[in-house]
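Asker: Please construct the entire structure, taking both the sequences and the accompanying hints into account.
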Amino acid sequence: MSEDLDEFHGEAREILDAVAGDLVRLEGAPNDADLVNRIFRGAHSLKGLAGMLGFTSVSQVAHKLESVLDGVRMGRIPVKAHVLDVLLEATEVLARMVDGIKDGEPEREASSAQVATVKLLGLVSSIPKESGPKKSIDPEIAKLLSDYEEHRLSEALGRGEKPWKIEVTFPFDTFDTDLPAVKERLKHYGEVITTMAGDLSEADKMGFGLLVTSTKDPSVLLVAVAVPDAKISPVSVREESPGGASAGGGGGALGGAGSGTFDGFSGFGMPSLPDTPASALAAPEIDWQALASQGDVAGPAPIPRIAFSASTPPAPGGDRRAPADPLAPPSDETEDRRDGSDRRTGRDRRSVPREAPPARREEVIVAGGGSAVGSTTLRVNIERVDALMNLVGELVTAKNAIGQVADKLKSETGFKGTTLEIYKANRQLSRRLDELQKGIMQVRMLPLEMLFSKLTRVVRNLSRENGKEVELEIVGAETEIDKVMIDELSDPLIHIVRNAVDHGIEDPSTRLDAGKPERGTLRIVAQPKGNHVSIEVSDDGRGLDTERIREKAIEKGLLSREARPSQDELFDLIYAPGFSTKETVSEVSGRGVGMDVVRNNIMKLNGIIDTTSEKGRGTKFTITLPLTLATMKALLVGVAGQTYAIPLASVLECVSPKTTEIRTVEGRDVLPLREVTLPLVRLDRFFGHDDFSLDAPATRVHVVVVGLAQYRIGLVVDSLGVQQDVVVKPLGAPLTQVEGIMGATNLGNNRPVLVLDVAGVVNSSVGIRPVKPGEVRA
Amino acid sequence: MSGAKRGKGGNGDNGGEKSGEIPFGSLAHYESATEEIYRRDYGDLVQIRAGQREFLTFRLGDEHYAVDLRGILEVTRPTAITPVPFSPPWVLGVMMLRGNVVPIFHVGRLLDLDVEGRIEPAERILLVSRKENPVGLLVDEVREVVSVPDESLGPVPPTVHGPRAEYVTGVARKGQELFVLLNHTRVANVSPEQAAPARRHE
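If you read the protein sequences in the order shown, they are chains C and P.
Straight run, no breaks: the first sequence in our numbering ends on number 778.
Straight run, no breaks: the second sequence in our numbering ends on number 1202.
If you are wondering where the hints come from, they were derived from the structure by calculation, not from laboratory data.
One or more hints might be untrue.
Claimed, not checked - Computed far set for chain C versus chain P, every beta-carbon distance over 12 Å:
#1 99
#2 142
#3 156
#4 174
#5 191
#6 199
#7 427
#8 431
#9 434
#10 536
#11 725
#12 737
#13 738
#14 745
#15 751
As the list claims (entries may be wrong) - Now the in silico label distances, taken between C-beta atoms and shown as ranges:
#16 C:14 to P:1170: 33 to 41 Å
#17 P:1198 to C:653: 24 to 32 Å
#18 P:1193 to C:664: 29 to 37 Å
#19 C:414 to P:1123: 34 to 42 Å
#20 C:229 to P:1198: 55 to 63 Å
#21 P:1198 to C:380: 32 to 40 Å
#22 C:174 to P:1166: 52 to 60 Å
#23 P:1123 to C:566: 52 to 60 Å
As the list claims (entries may be wrong) - Some chain C residues near chain P, calculated using beta-carbon distances under 8 Å:
#24 105
#25 189
#26 190
#27 732
#28 746
#29 754
What you are looking at is a predicted structure, and each value in this text was computed from that prediction instead of being measured.
Beta carbons: idealized from backbone N, C-alpha and C, even for Gly.
Answerer: Listed below in structure tokens is the structure:
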């Protein structure tokens, strides 16, 4: 708990400092949408953080802060001095509350919290009702917009700007820098509302569509874009009556802004709310009443789960629910875990009575849950931790050297006397070093929680945008993994989750027709497995359509028409660069870069990804990763008189088949191993030591079966050695691009041993050229 | 201390926090070692004067070479060198030096001199700096540090051509002796493609 508390304090203060700074900046730039968004996200993160750790008083104030900020960014609350005053005051109060929690006096700031709450609620209730004619655009485009983008669009239209669609195409290599550059240039001439996917017909290019509003002539905009072949076309606009506005004041899922908002927001703007002036002290009570009728409905569930629904059914009357974000990201899994009950109902049970007036006393009681801890979080640059880790690696090397001396003494004098003492001392040293290594490793380890909460938001936004109903089950969010890996894992997991919601899970009517429950289920399960962590993402959607994959692969030239690939080989094709089976490209996924990125990132982490899928039943991706990249266990092998180290994380097994078992298929050696045919790579040939090869006499060979991303290959080596902990060092420039080598390690004898880059070997053996399924089949 | 700098994982924007770190290849680190060795081994041989430049002279086969002393971080004996696949013959491999991996180049082979098959018991490694990390140059024997007046420096003679011309800057004359000046910066900064060409695909 105390670690959580320290972490909470450090993070909360960091967020609040940033929010306060940005609020001050906002005064000078009241129209800066990015700034408002950032502040909003800050408040949102704080709410989630506090909620996760059960600091309800903080999360409640943060929640109200967030409500006001959402009003600000939706343009419903003006950025005026008195508004900023209230916001800044609330931020300061929150900071004091967070300090109070750390000092073990959580109730210290209860009264100022109450004052801040009341003031915030006053601002919220000042939000005017939606009124006036609303302009809307071509529904084809409008449906791609998030609420927030829609708001910005209608604002721009209100200012008399005209909407344009600008289509641009960039080379695949540089689109990630080209696109922002174009957006930046366009900012001077108008507003970039959103970016949509565009033409993808050319293999090495990425097309985008930009929805831009501007008062300028289209030719001026094209000049600003300054991209060859850019096209501009007007977007049709029609007037709508106030009531007819589609998603205007709706649920408030703000996909475009990259963060969620809380469901109850519309309640603030609803006609049912009296137009209370900002100063009215009565506001809180009225508000709670109004809010109480606004929450989502979630039935109790047997296992922890978070439900996402495109529609937000009204709560049954009398069911008083807290307005608190039912999906506050970080809180979700934690609370699930800790309560073992349905997250929402669990939260409701706790928060409803507390939030009901009189709020003051209740919040005090809630806040009393914090415990007294005096220590502080220390944020350390990971490079320093790495430096320590390196040092430990050096010590391990030194210890190994002592071990070798001891062995020498033993052979010279026998196992007695001083020799025995050295052995004992060395064993002690070894044990302490192990502890030291583990301790430092521990510093690098973080739970997957934060990453999973990001996924929660992604799923939530997507399911809303796509009109799908998705239930997300998260298991094992407390599983810890190296910080660096968490960062690298984020993109692949988001891609997989997006694919699942976008392509996998069907829309409700299709599901009903197929005899499935209306609501799809997405499961993310993390669990430690020895030195590895496995993360499973499975959905109960339509599954991978092997026929369509086949057609697409033939179309893209990845597969010949005659090939008869197995199901697994077809699944492998989804990782090919530029592969996507979705015909219509949406903003969300289906740009055809997804699974390629997934594979590359997993490879970088020495991970393995497995795909299983059943048509009509769903798809499951299993990612297996080493716990850390800082040190690794490696298997030493002999190849052509040299010793190489193979990272054990990639090693699945070692087999020693007879040479006669090896077959040659289309010029490549393969080994039938149980039900699969394993392509073989002879490391001696790979590294060009042909002259040393042991072609003739050996009757058995040693094969190290390695797995990487979706590949399994067998590395043929001359001898198998021991397993050892190694610290991998880069070879040093200019030897930075040695194929198949990730670095070298010192085993204690001061002779560098090259460490195999399994990804490199796999890539240059199977990955670079288009995969030709079928050819490795015997 | 070998605070090896890792390429990944750090959050880049911590400009002010690096003071405590000694990244691999930091000049401060190696310069002190150099000065130490320098004083110990050559201290009484040289006197630095204005208008003079100091060179470390060494032997490659039967030829005498020199390199600007300011470019040398350290002189060390070779230890176990592990060959690196796909490299040209002049990349001898990598060697451990105080816990770090250092690429070692065979200068004689790089300059295409006739040095094969000789046994050179006095071999030394000159550690020169590259931007990211030091690189070791294997030479046959280290001779001495000489101080040469600027006017005794000359351009590359026209008789020198081929790879040698690419990696030498000129000549220095000291008394009766003529030294070919090695362009250590050029040698140290060969491109990754030169040092480890892509593997030939079957």
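Asker: Now, for every hint given, state plainly whether the structure supports it.
Answerer: Evaluation of the provided hints:
no.	hint	in the structure
1	99	holds (25 Å)
2	142	holds (39 Å)
3	156	holds (34 Å)
4	174	holds (21 Å)
5	191	holds (29 Å)
6	199	holds (33 Å)
7	427	holds (23 Å)
8	431	holds (22 Å)
9	434	holds (19 Å)
10	536	holds (26 Å)
11	725	holds (15 Å)
12	737	violated (5 Å)
13	738	violated (4 Å)
14	745	violated (9 Å)
15	751	violated (4 Å)
16	C:14 to P:1170: 33 to 41 Å	violated (57 Å)
17	P:1198 to C:653: 24 to 32 Å	holds (30 Å)
18	P:1193 to C:664: 29 to 37 Å	holds (33 Å)
19	C:414 to P:1123: 34 to 42 Å	holds (39 Å)
20	C:229 to P:1198: 55 to 63 Å	violated (34 Å)
21	P:1198 to C:380: 32 to 40 Å	holds (39 Å)
22	C:174 to P:1166: 52 to 60 Å	violated (33 Å)
23	P:1123 to C:566: 52 to 60 Å	holds (56 Å)
24	105	violated (33 Å)
25	189	violated (31 Å)
26	190	violated (31 Å)
27	732	holds (4 Å)
28	746	holds (5 Å)
29	754	holds (6 Å)
Hint compliance for this structure: hints 12, 13, 14, 15, 16, 20, 22, 24, 25, 26 are broken, all remaining hints hold.
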